[in-house]
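**Q** Below are the chains, spelled out letter by letter.
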Amino acid sequence: MTPPAAGPLAVAIQLSWFFLTVALVLAFLRLIRGPSRPDRVVALDVIAVLVVGMIAVDAIAHRQPVILDAAIIISLVGFLGTVAFAYYVEKGGPH
Amino acid sequence: MTEWVTAILLLIGTTFMLLAAVGVLRMPDLFLRLQTATKAVTFGVVFTFLAVAVHFAELGVSFRALLIIAFFFLTSPVAAHRIARAAYFVGVRLWEESVVDELRGRYDPQTHNLESGKVPDSPSPAQQPPSKSPQQTEM
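In order, the protein sequences belong to chains A and B.
Quick note: the first sequence uses our numbering, first residue 1, plus one each step.
Quick note: the second sequence uses our numbering, first residue 1, plus one each step.
One or more of the hints may lead you astray.
Incomplete in silico selection of chain B near chain A, CB under 8 Å [as the list claims (entries may be wrong)]: (1) Gly13; (2) Ala20; (3) Gly44; (4) Thr48; (5) Ile69; (6) Phe73; (7) Thr75; (8) Asn113.
If you want the footprint, here are the derived chain B segments under chain A, 3+ residues with CB under 8 Å [what the hints assert, rightly or not]: (9) 30-36; (10) 59-65.
Hints in this document: simulated from the structure, not taken from any laboratory.
Glycine included, every Cβ here is placed at the ideal spot set by N, Cα and C.
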């Protein structure tokens, strides 16, 4: 379905896309720059959550609630990936 | 009416996600970045999925949205704790203006067991290298 053309919800959806895109860029800058390895893990965690938020905005914009299942899966995989990365950081070292 | 409520909840949620990303980029220290990434992001996820639940207003969809919220409340503190513990043990340095390091000297460097009551005289791994190492943040 097409997104709503006018009204407060259309404005809110456009602003939400803008905010989330800028947030993804900022988190990606921290992923590139991050001086230690845990910094990169934190940035990846934030990126996973931002993708989940983008899925929520897309579900509202196109009235497609089925892709919320993908949001559940991505949040689960993000959590498991963060815990696994933390385990290997603890074994490996800061760099 | 529902449209207004959805729009306001969505804007609150995505604004807090943006602020969390700004904090992750701008904070001076891994641990400060971590608390921004945990608390503000969880707040943003809660409001974004409340917007989803209000917008669709069906039982199945709203249940899924509330399930994601509950999942984030359960997992995000655990993940933050794992990262912070691993980073402290491998010697990520604190911000030089940090005022207290309550873990200093209170854990066994070999077994990583924490103890209370030990005299905190041994330096923490976060303070050990006196010279500036390249892992020190530049911001």
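**Q** Next step is simple, just say for each hint if it's right about the structure.
**A** How the hints compare with the structure:
{"no.": "1", "hint": "Gly13", "verdict": "holds (7 Å)"}
{"no.": "2", "hint": "Ala20", "verdict": "holds (7 Å)"}
{"no.": "3", "hint": "Gly44", "verdict": "holds (7 Å)"}
{"no.": "4", "hint": "Thr48", "verdict": "holds (5 Å)"}
{"no.": "5", "hint": "Ile69", "verdict": "violated (10 Å)"}
{"no.": "6", "hint": "Phe73", "verdict": "violated (11 Å)"}
{"no.": "7", "hint": "Thr75", "verdict": "holds (4 Å)"}
{"no.": "8", "hint": "Asn113", "verdict": "violated (14 Å)"}
{"no.": "9", "hint": "30-36", "verdict": "holds (count 3)"}
{"no.": "10", "hint": "59-65", "verdict": "holds (count 4)"}
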